[in-house]
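There are 2 protein chains.
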Amino acid sequence: MNLTEASKRILIGRKLASHQLGETLLPKRIALPVFASDALSSVAYAPDEILLTLSLAGMSAFAFSWKIGLLVAAVMIVVVASYRQTVHAYPSGGGDYEVATVNLGPNAGLTVASALLVDYVLTVAVSVSSGIQNAKAFLPFITPGREGLWAAGMILVLMAMNLRGVRESGGVFAVPTYAFMIGVIVMVAWGLFQIFVLGSHLQTETSSYQVVPDPSYASFAGFAAIALLARTFSSGCAALTGVEAISNGVPAFKKPKSKNAATTLALLATIAVTMLTGILVLANLTGTKLVDPHGAAYFTKDGVPVQGDIPTVMGQLASTVFGGFRPGFYFVMACTLVILVLAANTAFNGFPVLGSILAKDGYLPRQLYTRGDRLAYSNGIVALALVAVSLVLLYNASVTALIQLYVVGVFVSFTVSQIGMTRHWTRHLRTETDPAIRRQMMRSRVINTIGLTFTGVVLVIVLVSKFTHGAYLAIIAMVSVFFVMKAVKGHYANVAREVELEGTADSALPSRVRALILVSDVNKPTARAVAFARAMRPTTLEAVIVSVDPAEVQRVITEWEAQDYPVPLKVLASPFREVTNPFVNYVKSVRSANPRDVVCVFVPEYVVGHWWEQILHNQTALVVRTRLHFTPGIMVISVPYQLHSSQAAVDRLQREDPLAWRRIGTGLSQTEMDHAEKGS
Amino acid sequence: MNLTEASKRILIGRKLASHQLGETLLPKRIALPVFASDALSSVAYAPDEILLTLSLAGMSAFAFSWKIGLLVAAVMIVVVASYRQTVHAYPSGGGDYEVATVNLGPNAGLTVASALLVDYVLTVAVSVSSGIQNAKAFLPFITPGREGLWAAGMILVLMAMNLRGVRESGGVFAVPTYAFMIGVIVMVAWGLFQIFVLGSHLQTETSSYQVVPDPSYASFAGFAAIALLARTFSSGCAALTGVEAISNGVPAFKKPKSKNAATTLALLATIAVTMLTGILVLANLTGTKLVDPHGAAYFTKDGVPVQGDIPTVMGQLASTVFGGFRPGFYFVMACTLVILVLAANTAFNGFPVLGSILAKDGYLPRQLYTRGDRLAYSNGIVALALVAVSLVLLYNASVTALIQLYVVGVFVSFTVSQIGMTRHWTRHLRTETDPAIRRQMMRSRVINTIGLTFTGVVLVIVLVSKFTHGAYLAIIAMVSVFFVMKAVKGHYANVAREVELEGTADSALPSRVRALILVSDVNKPTARAVAFARAMRPTTLEAVIVSVDPAEVQRVITEWEAQDYPVPLKVLASPFREVTNPFVNYVKSVRSANPRDVVCVFVPEYVVGHWWEQILHNQTALVVRTRLHFTPGIMVISVPYQLHSSQAAVDRLQREDPLAWRRIGTGLSQTEMDHAEKGS
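For the protein sequence lines, the chains are A and B, in the order given. Numbering that gives the first Met the number 0 puts the first residue of the first sequence at 0, with every later residue one more than the last. Numbering that gives the first Met the number 0 puts the first residue of the second sequence at 0, with every later residue one more than the last.
In case anyone wonders, no lab produced these hints; they're calculated from the structure. One should not assume that every hint holds.
As the list claims (entries may be wrong) - Here are the simulated BS3-like pairs of lysine-lysine, each with C-alpha atoms no more than 30 Å apart in a straight line:
1. A:Lys-587 / B:Lys-523
2. A:Lys-27 / A:Lys-256
3. B:Lys-587 / B:Lys-569
4. B:Lys-488 / A:Lys-359
5. A:Lys-359 / A:Lys-253
6. B:Lys-253 / B:Lys-27
7. A:Lys-523 / A:Lys-587
8. B:Lys-256 / B:Lys-27
9. A:Lys-488 / A:Lys-359
10. A:Lys-523 / B:Lys-359
11. A:Lys-569 / B:Lys-300
12. B:Lys-485 / A:Lys-523
13. A:Lys-523 / B:Lys-300
14. A:Lys-258 / A:Lys-27
15. A:Lys-485 / B:Lys-523
16. A:Lys-359 / A:Lys-256
17. A:Lys-254 / A:Lys-359
18. B:Lys-569 / A:Lys-359
19. B:Lys-523 / A:Lys-359
20. B:Lys-359 / B:Lys-256
21. B:Lys-359 / B:Lys-523
22. B:Lys-300 / A:Lys-300
23. B:Lys-523 / A:Lys-488
24. A:Lys-485 / A:Lys-359
25. B:Lys-485 / B:Lys-359
26. A:Lys-300 / A:Lys-27
27. A:Lys-587 / A:Lys-569
28. B:Lys-587 / B:Lys-488
29. A:Lys-569 / A:Lys-359
30. B:Lys-569 / B:Lys-523
31. A:Lys-523 / B:Lys-587
Predicted model, so just to flag it, every value in this text is computed and none were measured.
Construct all of the structure, not just a fragment, from the sequences and the given hints.
Dropping the structure here:
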């Protein structure tokens with residue numbers, strides 16, 4: 000299926016598979032939902048945050064909501080215009096990390112990468128939290144106080160799906176994204192039609208409420224008012240998150256790639272701006288209000304404080320506009336929930352892609368580079384999910400609290416990327432001589448400079464207005480990530496220097512091989528270990544048993560003698576009934592007595608078919624190997640004995656799926672298996 | 000220090016170390032707090048649960064509280080009398096698991112063990128939750144809705160302390176346990192003195208509240224009333240949890256052991272009954288009320304519903320009785336919090352002890368048997384903590400919700416143990432001929448039969464009255480644990496049969512050794528792997544590199560040739576830029592081409608000093624080893640290369656603590672190190 004393959008390509012890692020997957024590229028109508036779900040989903044919570052923040056100053060402040068909305072829309076148009084330049088300049092889809100690294104050097108790139116990594120976590124936390132807040136309007140079993148648990152549960156489900164390698168096709172994105180767009184636009188249009196054409200007095204329930212302002216904002220004038228409006232604007236800028244996604248995906252577009260991507264960007268901006276301003280205008284006309292549950296402001300009706308949860312803006316509008324027509328309400332709310340979950344899921348896909356790029360540059364563990372390594376990929380997904388889960392639990396899925404951390408990272412990345420783009424044009428202008436192209440470049444540089452100015456100013460506003468409200472946590476997280484990645488790169492460089500060969504001095508051969516076999520019983524695994532050890536023909540060979548239970552050891556000695564192995568069996572005392580220490584100490588003593596020889600330790604291991612069987616076996620082998628690693632000149636050799644269960648598991652899986660059996664024990668995905676098959 | 004050693008002995012595992020620790024035994028005054036903290040701490044929440052449950056039926060029902068308290072006290076006296084018989088019959092301190100296994104067979108023992116394992120989890124969850132609920136009275140930063148997070152945090156702190164091997168001495172138990180006893184008894188006495196002697200009209204804040212009953216209990220007559228009283232009694236029986244602890248600890252008492260243990264049991268019963276009835280009587284006199292926050296009942300004052308959190312019974316009483324004397328209030332509340340945390344901590348000690356006994360009998364992974372194996376011990380602690388954390392998060396640290404699950408397990412264990420004891424006496428009566436001893440045994444059998452009747456009846460009441468309120472979850476958990484342990488035992492038996500040797504057929508030697516070295520670069524670790532592989536003198540030896548980046552591979556080939564190794568270097572293609580699959584497939588092809596030979600795979604590994612360095616290295620080695628295990632006839636040989644960081648870590652630790660360095664990478668405890676030292 001073309002569609003599936005094409006979208007898989009973007010979501011799973013275009014670069015790695017690009018030379019295999021042929022030329023199935025995305026038309027604009029599919030590219031839009033695939034890349035825009037994150038950006039569009041934010042219109043589900045940005046209006047709420049604008050109204051909530053204004054509520055602190057009481058009733059009169061709500062009048063500012065649509066002005067702030069227009070300001071956010073203006074920033075969005077400027078940012079999109081800037082990214083249209085990026086799309087033309089970097090048709091390879093490098094993204095902000097590449098733009099920053101190429102134009103401003105590795106530290107700028109690393110800054111962007113840190114911001115993006117923190118942002119992925121917050122995208123998951125904010126999107127899922129908003130999904131749960133919206134779901135409360137139509138899923139009554141989500142009770143107040145339990146939102147954090149529901150959000151955590153949903154993130155764990157997403158994690159499980161991503162670990163199992165469930166993947167979205169373009170269709171999975173296209174249907175709910177278009178449904179959401181249509182739902183919101185129809186809702187806004189039908190609401191405005193009722194108000195202006197039918198003359199209905201359309202009012203939400205909250206329109207009858209009074210807002211008692213937070214005492215510290217009661218005057219709403221002077222510096223306090225400006226500070227609050229700045230904070231409101233910063234929260235509204237959450238609507239811009241996810242806009243950069245298209246610029247990463249240019250190579251997936253149909254030709255002309257850059258032009259189509261630029262058109263899609265313009266389309267995205269138009270739709271997002273329409274939806275955002277539409278919702279804010281309708282909210283204004285219907286008297287929709289929200290109060291910040293963490294602020295001191297609260298609702299009253301007829302002078303009595305209002306108890307209980309107030310639905311989200313989307314919930315209030317959908318329920319008012321569609322009135323008695325409940326299917327309309329359910330449709331809009333369900334689409335909102337689904338698109339928010341999809342937005343969270345894009346982070347699960349984007350995180351390992353960025354991780355792979357960073358690993359290639361040595362900033363993250365090397366195994367993240369090859370995303371075919373499912374093990375590393377899984378660790379990334381689990382890490383992302385666990386941090387997001389802690390956040391939603393800590394903030395009880397409060398979008399209002401989480402959003403304070405969110406927008407900083409986005410604008411750090413926007414701003415650094417715009418600096419990079421202006422540098423890009425300046426650099427190219429230095430060598431370019433064609434006047435037409437120079438004019439074009441000049442124009443682009445002007446647009447990016449305007450973009451830089453806007454995003455820079457917004458970044459400063461966000462930092463100043465939100466710093467004490469939580470943004471400082473995001474900054475701390477980014478700085479920590481930055482230095483960890485620096486440290487990883489430094490560590491790899493140090494190790495590489497340390498293990499560098501000086502001449503050929505290190506290849507001196509050990510003079511003799513002394514072999515030991517760790518025995519716990521006389522059985523088939525032991526017999527195999529003995530056979531393999533003998534096949535290696537070591538200089539000396541000795542079996543060792545640790546005496547935990549004297550009667551048991553006596554039985555083993557008798558059976559050992561009955562087998563008539565040409566290998567002596569040594570018994571080690573263990574006054575504390577434990578195997579590891581006496582054995583490890585004995586091996587070390589053999590090693591110290593023979594410093595020029597190499598000591599080989601053969602450990603029989605059980606190979607089993609299920610992870611839970613693994614818990615029941617081989618733990619001694621694991622500890623012995625770990626402990627002995629610290630002493631030079633000792634090699635630990637696992638002699639695997641395959642139990643029936645391992646063979647049965649291999650057989651069963653091979654029958655069902657000829658490639659799947661290789662996955663056992665490594666958690667390898669189907670995709671990787673396909674690769675392996677083609678590659679072998 | 001004698002005290003420390005002696006209590007360590009009980010808490011950490013008396014049996015394992017008994018022949019080392021000499022004859023330092025516990026006098027009754029220390030044994031009481033060491034074993035009784037769990038049982039005594041439950042008087043902190045049992046009165047709350049009695050009042051809460053009664054509140055459903057409105058104001059008039061509270062009059063039943065002290066009657067229910069007396070009933071619970073009666074059951075406690077009977078249970079303690081029964082355990083005094085156990086203490087005499089099993090001076091080895093076998094506990095309920097041994098009593099059940101010896102007298103009723105392995106399935107009965109396993110039933111008790113399942114109940115106890117589930118109970119340990121609930122002891123942690125309930126004790127910490129009650130601690131947090133009590134702490135709210137004097138720690139205002141624990142805000143409503145966040146109790147679950149605080150409780151989870153506290154459990155994680157306990158987990159960390161136990162993982163680090165922080166251990167309680169007798170003093171740690173004695174001080175807060177006596178402080179709690181004194182605090183509660185002084186509070187009750189001073190309250191009664193004020194009321195009866197000074198004639199004060201001592202009333203708690205809630206005494207002025209009215210309770211609007213749950214509509215379904217409004218009539219409070221007939222079957223509904225009986226059902227509610229039964230449920231109240233069941234919740235009150237939480238006061239009995241932990242009573243069995245002394246019977247497990249008999250060998251730790253000073254001689255005459257059984258007699259001293261029996262006296263301590265009687266003392267425990269006296270104190271617990273005094274505290275419980277004292278609190279209930281005082282609560283009754285001061286008009287203390289509570290409502291079930293999960294029920295439909297609620298408080299009103301002058302007809303207006305009361306908002307906000309109501310303190311626990313302990314909090315209400317302490318604040319009323321001590322009035323303006325705040326230190327008294329803080330003292331009682333702090334002691335309550337500390338003893339509840341200590342009670343939770345006893346579960347962290349008891350869980351691995353029971354795990355060790357069960358592992359010895361083959362019901363749990365073998366490595367749990369030797370508790371010197373810190374790795375397994377840690378897993379048990381982490382598992383216990385994580386399940387308890389999920390519970391407190393899920394129930395937001397609501398003692399009322401958790402207690403529904405709690406009491407079932409305790410009474411399953413009590414009842415099965417009492418059946419076992421009656422069997423014990425009947426069996427001994429069959430052979431005993433001395434009339435004096437026979438009379439004594441008859442008397443004991445009567446007591447245990449009464450105990451059986453009481454605990455059996457309570458078990459039925461608990462099951463019937465709480466089944467749908469959550470007890471079914473505890474039953475499901477116990478049944479699952481039971482069958483998992485059965486399955487583990489079955490698995491070990493199957494594997495033992497499977498690996499049993501038939502004659503000496505399995506020791507046929509492989510004819511040749513084919514060795515491969517996995518190479519990624521030419522450096523010291525590779526040089527060492529080549530040297531070791533050559534030292535083994537295999538029949539064939541070949542180095543293999545996977546071509547992820549052609550330029551890089553070309554560089555390695557050049558350097559390989561410069562080293563002039565007598566080993567050919569084979570390059571494997573990897574169209575998908577990954578190492579594992581091409582290499583694993585190649586090794587398997589070598590193996591299939593030479594079915595009678597053994598294939599040795601040498602993998603260079605980096606040995607590092609910190610866990611986080613481990614993340615940065617060796618991941619390929621790990622995956623290769625796991626994957627190759629499934630194919631018979633392949634051995635994977637780790638050739639460790641010790642980086643400076645590993646040596647530096649070893650040196651540093653050895654300077655600070657000559658034994659500690661062995662811990663690196665295995666998380667071994669100091670105790671185990673001591674053992675190793677003495678043992679080596």
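A quick look at each hint next to the structure:
For the suggested pair Lys-587 of chain A and Lys-523 of chain B, the alpha carbons sit about 22 Å apart, so the restraint of at most 30 Å is met. The suggested pairing of Lys-27 of chain A with Lys-256 of chain A holds, with an alpha-carbon distance near 10 Å, which does not exceed 30 Å. A threshold of 30 Å between alpha carbons decides the hint, and for Lys-587 of chain B with Lys-569 of chain B the separation of about 15 Å falls inside it, so the pair holds. The hinted pair formed by Lys-488 of chain B and Lys-359 of chain A fails the criterion: a straight-line CA distance of about 47 Å is larger than 30 Å.
About 28 Å separates the Cα atoms of Lys-359 of chain A and Lys-253 of chain A, which keeps this hinted pair within 30 Å; it holds. Distance restraint check for Lys-253 of chain B and Lys-27 of chain B: the Cα-Cα separation of roughly 8 Å lies within the 30 Å cut-off, and the hinted pair is therefore satisfied. The hinted pair formed by Lys-523 of chain A and Lys-587 of chain A meets the criterion: a straight-line CA distance of about 27 Å does not exceed 30 Å. Simply put, Lys-256 of chain B and Lys-27 of chain B have alpha-carbon atoms about 10 Å apart, close enough for the 30 Å limit, and the pair holds.
Straight-line distance between C-alpha atoms of Lys-488 of chain A and Lys-359 of chain A comes to about 11 Å, which keeps the hinted pair within the 30 Å bound. The hinted pair formed by Lys-523 of chain A and Lys-359 of chain B meets the criterion: a straight-line CA distance of about 23 Å does not exceed 30 Å. Note on Lys-569 of chain A and Lys-300 of chain B: the hinted pairing is violated, with a Cα-Cα distance of about 81 Å set against a maximum of 30 Å. Restraint check for Lys-485 of chain B and Lys-523 of chain A: the C-alpha separation of about 25 Å stays at or below 30 Å, so the hint holds.
Restraint check for Lys-523 of chain A and Lys-300 of chain B: the C-alpha separation of about 78 Å exceeds 30 Å, so the hint is violated. Taking the CA atoms of Lys-258 of chain A and Lys-27 of chain A, the gap is near 10 Å; set against the 30 Å cutoff, the hint holds. Simply put, Lys-485 of chain A and Lys-523 of chain B have alpha-carbon atoms about 25 Å apart, close enough for the 30 Å limit, and the pair holds. With a CA separation close to 26 Å, the supplied pair Lys-359 of chain A and Lys-256 of chain A stays within the 30 Å bound.
Distance hint between Lys-254 of chain A and Lys-359 of chain A is fulfilled; the C-alpha atoms sit about 29 Å from each other, no more than 30 Å. This hinted pair checks out: Lys-569 of chain B and Lys-359 of chain A have alpha carbons roughly 24 Å apart, not beyond 30 Å. The suggested pairing of Lys-523 of chain B with Lys-359 of chain A holds, with an alpha-carbon distance near 23 Å, which does not exceed 30 Å. Only pairs whose Cα atoms come within 30 Å are accepted, and Lys-359 of chain B paired with Lys-256 of chain B is accepted, the gap being roughly 26 Å.
About 45 Å separates the Cα atoms of Lys-359 of chain B and Lys-523 of chain B, which puts this hinted pair outside 30 Å; it is violated. Annotation: proposed proximity of Lys-300 of chain B to Lys-300 of chain A holds, straight-line Cα distance about 22 Å (limit 30 Å). With a CA separation close to 20 Å, the supplied pair Lys-523 of chain B and Lys-488 of chain A stays within the 30 Å bound. Distance hint between Lys-485 of chain A and Lys-359 of chain A is fulfilled; the C-alpha atoms sit about 14 Å from each other, no more than 30 Å.
This hinted pair checks out: Lys-485 of chain B and Lys-359 of chain B have alpha carbons roughly 14 Å apart, not beyond 30 Å. In summary, the hint linking Lys-300 of chain A to Lys-27 of chain A is not supported, as the alpha carbons are separated by about 49 Å, beyond the 30 Å threshold. As the CA atoms of Lys-587 of chain A and Lys-569 of chain A are separated by approximately 15 Å, the hinted pair is consistent with the 30 Å bound. Simply put, Lys-587 of chain B and Lys-488 of chain B have alpha-carbon atoms about 34 Å apart, too far for the 30 Å limit, and the pair is violated.
This hinted pair does not check out: Lys-569 of chain A and Lys-359 of chain A have alpha carbons roughly 49 Å apart, beyond 30 Å. Under the criterion of a C-alpha separation no larger than 30 Å, the hint pairing Lys-569 of chain B with Lys-523 of chain B is consistent with the structure, at around 19 Å. Between Lys-523 of chain A and Lys-587 of chain B the CA atoms are separated by roughly 22 Å; this keeps the pair inside 30 Å, and the hint holds.
Checked against the numbered hints above, the structure violates hints 4, 11, 13, 21, 26, 28 and 29; every other hint is satisfied.
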